[in-house]
Amino acid sequence: MRKLQFRGKSKLFELVGEKIISITAFAALISVFLIFLFIFKESIPIFTDSEIKQEASVDKMLFKQEYYEGRQPRFSWQPNSDVPKYSILPLFIGSFKAALIAMLFAVPLAVGAAIFSAEFASRRLREFVKPIIELLAGIPSVVLGFFSLIVLATFLQDVFGFTFRLNAINAGIVLGLAVIPIVFTMAEDAMTSVPGSLRDAALALGANRWQVSLTVVLPAALPGIAAGITLGFGRAIGETMIVLMASGNAAIISGSFVDSIRTISATIAAELAEVVFGGAHYSVLFFLGTLLFILTFVLNWIGDYATNALKLKYQGRVK
Amino acid sequence: MTGIQLSPVKESSPRHNIHESFGRKSSGRIPAGLTATAVIIIAMMLFIILGNIVLNGVGVIDWKFLSHPPENGMEGGGIFPAIFGTVALVLLMTIAVVPVGVLTAIYLHEYTSPHSKVTRLIRMAINNLAGVPSIVFGLFGLGFFIGFVGNGIDTLFYADEGPVWGQPAIIWASLTLSVLTLPVVIVATEEALRTIPREIKDASLALGATKLQTIIKVVIPNSLPGILTGAILAISRGAGEVAPIMFTGAAYYLPYLPQKLNDQFMELGYHIYVMATQSPDIEATKPILYGTVLVLLLLTFMLNFSAIIIRSKMRSKNAH
Amino acid sequence: MPTDKEINLAIKTEVPYLNEPSANSSAGQPGPHINEAHKVVVRDLDFFYSGQQALFGISLNIVEKKVFALIGPSGCGKSTFLRTLNRMNDTIPGTSLKGSIKIDNLDIYKGIKDVSSLRTRVGMVFQKSNPFPKSIFENVAYGLRVNGIKDKRLIAEVVEETLKGAFLWEEVKDKLDHSAYALSGGQQQRLCIARALAVQPEILLMDEPASALDPLSTAKIEDLINELKKNHTIVIVTHNMQQAARVSDVTAFFYEGYMIEYGDTRKLFTKPEKKKTEDYITGRFG
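Top line first, the protein sequences correspond to chains A, D and X. Read in order, the letters of the first sequence correspond to residues 1 to 319 in the numbering used here. Read in order, the letters of the second sequence correspond to residues 1001 to 1320 in the numbering used here. Read in order, the letters of the third sequence correspond to residues 2001 to 2286 in the numbering used here.
Simulated from the structure, these hints should not be mistaken for laboratory data. Some hints here could point you the wrong way.
As the list claims (entries may be wrong) - Residues from chain X that keep clear of chain D, each with C-beta distances beyond 10 angstroms, as calculated:
1. Arg2043
2. Phe2056
3. Thr2091
4. Ser2135
5. Lys2152
6. Glu2170
7. Leu2176
8. Ser2179
9. Arg2195
10. Arg2284
To be verified - Stretch-level coverage of chain X by chain D, calculated; a stretch enters the list once three of its residues show a Cβ under 8 angstroms from a Cβ in chain D:
11. 2119-2130
12. 2138-2150
To be verified - From chain D, some residues computed to sit far from chain X (all C-beta separations above 12 angstroms):
13. Ile1030
14. Ala1032
15. Thr1037
16. Asn1056
17. Asn1304
Keep in mind it's a predicted model, so treat the numbers as computed, not measured. Note that beta-carbon positions come from the ideal geometry of N, C-alpha and C, so glycine has one too.
Produce the entire structure from the sequences given, and follow the hints as far as they go.
Put into structure tokens, the structure is as follows:
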């Protein structure tokens, strides 16, 4: 057999390839950094620009303002009125109200379905539950918003006689639908990752399946479920299209679930197209975006932390 | 068979029988039923939503609807420009996001230890990116791609003209979406990389292949189904997002199709949003609205479904 | 644990050249002597997995065109040792190594720049057959392609020659474009051997190549090893002592990271010098 001659390998090829891969890998990190940088950058004028501060300072966004002489000072979001009003309190109340309703609606259903899937369902039934959740997760939020706006709002008003057709509860319910897949997936993962030995130990002591689920599996999976709820809440706070279409978009301060609301995300979506580039309103919207970013960043971080803690506890590994 | 005789358990213990003081256990049927109810409620709502859309939308969809532009201020005609715009948008997005996502996954899986600081930092970034609200991506696209990159290009090369790149355009919308869908591609690719047995990579190295050769000739070809899954899921996600493209390139009505990268475009989701919220006569636009929703839904479901099929094939192939 | 001295004394003389003195042996340091027939010379090899030592002071010689078997209970370090010979352990993060391994008098850790060219000279066959999910032809051609050979006719010729050399040609010549996974387990493993042979290595490392195979396939692999040693130096790790006795010329016994003794296979299996070796080959442990 003839002797083969191999050429030496090109070191350059290897080196360049490796560099390209390792530089590209930082894209995600750089993106997060750039997102924060560029949203925050556009909101800086409200801290520095004296002209813009006149109209919308941090003070004006956070505290009660006396907009017209002699009238009660109040919180108000009316950026397009003769006296522009930039109190962000009504928007925060709107966002939290919508998210709260969504969670009240979604968590029992999602956790219940997760318990069913992880603890009670036969293999075949589970094969039925999973696609339902996947289908739900696959519905674009604009479609959910559409359904809420066109179908559900009318239905709810007809049945309960709400004053406002578009209101917090109408938006919250559909927002809940968008959150269910997140909470379900995390909760189910957490429950199935509880070691079988723990389960067996309880069964061996004479507990029945339901008792095991309630007293052993559920407590052990609690951090994971909590993480799912945290991430779901983050999603609910940040979700835009559903609330933009279904909530009525009225920036009122009210504790009632049947009043209209205006959320932070919907405010940005509705108003950014009409603002003067670089003006006070523009900067305030970016500032709202920055707050939204930080809020979801923190919620995500907490959720991740809880998930990793759970993994560490039962599998001795970190993600 | 010589059975071992177990001594029968004494019926009455002389001591106080603690078992008698245990409460009767609930059979577990009621709680199981309760959790099953949660599933049923979710399934019913899903069924109602999908049923409503299908029933109202299916009659609207015909060849003319799919192939013609809107007429009569959105009260007639079809949605072809929105379909075209959506497809163009997600194609551009895929071209941008897939290489970056795949290389990131390869870096994380093949080049670094999972416990290194860099890996953890990148992973944290990916998780956070996945949780950033889509409207924030819209702001980012406006501030970074249009305000910074686009305007930058204009100042450098088109100083005498009006805005050329520093304005909403399909390229900026698709790049914004590619940042949004990056985690989807990374996660799917990583899942595929995990299924490639170490033995095959070792075999390649043992034959004198370098690490990069092994990645190009063994790792990437074998993770193609996973990469494809990631791309499809990213497309499905991207096709359904509206908030990130509202300010970065989508337009309500355009008399022409996008020809260049800096053209604006029509898009299905945005079309739905505007028709549903800003139509002067909602009853007149409703049929077209339902038709558009059904088209978008079918598009995303078909994409998701094919991703699920590819993934389950990939899993069963690696299971034996 | 045996001391270095004990290990170094454990050299037999039945294999020609194994122990003949040579001018190359470092003066004042007792150790196996170096001879031009010594294809691989290992001296004082320590190996660590992220700080944990897995090999302790291994010194031995491997004679050219002989079969060298490594035996010992699992976890004794024999596979680790095998993988130091083509630097496959480099791919595991956190490993480190002390001592020297010379192939043809060249230190493979300090004396070469290109690990991949070393691996074309030192081929490897793994425990579990691991063909690529490609055609039979492409499996054998892979090593040629990654090493820069593009000539299609040359590749086809070498693939054919190699498959003939691995006694696989007759079985696969009509289905070269079929997936390698369509072959039986034994055929797959012989394909992997052929794949390793295609780049014409001088040394072939085999890590329990037959452990997952049925007796008939095992016999075929063993026949192949006997044939291959005409042109190749073979180092084989095996669990199976009968197999070591059947195929090898020299056997080394590893235990807990130490090489207890090595020498002529027949001698080692009939009259081992160390108690530990005797205990192992008579089945008292392991």
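- Item | Non-interface claim for Arg2043/X versus chain D (Cβ beyond 10 angstroms) | Holds, since 24 angstroms exceeds 10 angstroms.
- Check the non-interface label on Asn1056/D: least C-beta distance to chain X beyond 12 angstroms or not. With a cut-off of 12 angstroms, Asn1056/D remains clear of chain X, as the shortest Cβ separation is near 47 angstroms.
- Item | Verdict on Glu2170/X as a residue remote from chain D, using beta-carbon distances over 10 angstroms | At about 24 angstroms from chain D, Glu2170/X clears the 10 angstroms cut-off, so the statement holds.
- Message: The output says Lys2152/X does not contact chain D. Does that hold with a beta carbon cutoff of 10 angstroms?
- Response: Holds: least Cβ distance 17 angstroms, greater than 10 angstroms.
- Taking C-beta pairs only, is Arg2195/X more than 10 angstroms away from all of chain D? Non-interface label fails for Arg2195/X: nearest chain D Cβ at 7 angstroms, not farther than 10 angstroms.
- Query: Would Ala1032/D pass as off the interface with chain X, using Cβ distances and a cut of 12 angstroms?
  - Reply: holds, 44 angstroms
- Task: Just double-check Asn1304/D for me: nearest Cβ-Cβ distance to chain X has to come out over 12 angstroms.
- Result: holds, 27 angstroms
- Message: Quick check for students: does the CB of Ser2179/X sit more than 10 angstroms from each CB in chain D?
- Response: holds, 12 angstroms
- Message: A cut-off of 10 angstroms on Cβ-Cβ distance, and Ser2135/X was said to be off the interface with chain D. Does that hold?
- Response: holds, 13 angstroms
- Query: Any Cβ of chain X at or closer than 12 angstroms to Ile1030/D, or is the non-interface label fine?
  - Reply: The claim stands: Ile1030/D keeps its Cβ more than 12 angstroms from every Cβ of chain X (closest is about 51 angstroms).
- Item | Whether Phe2056/X stays farther than 10 angstroms from all C-beta atoms of chain D, as the label says | holds, 25 angstroms
- Task: Over 12 angstroms to the closest beta carbon of chain X is the bar; see if Thr1037/D clears it.
- Result: holds, 46 angstroms
When the structure is compared with the earlier hints, violations turn up for hints 3, 9 and for no others.
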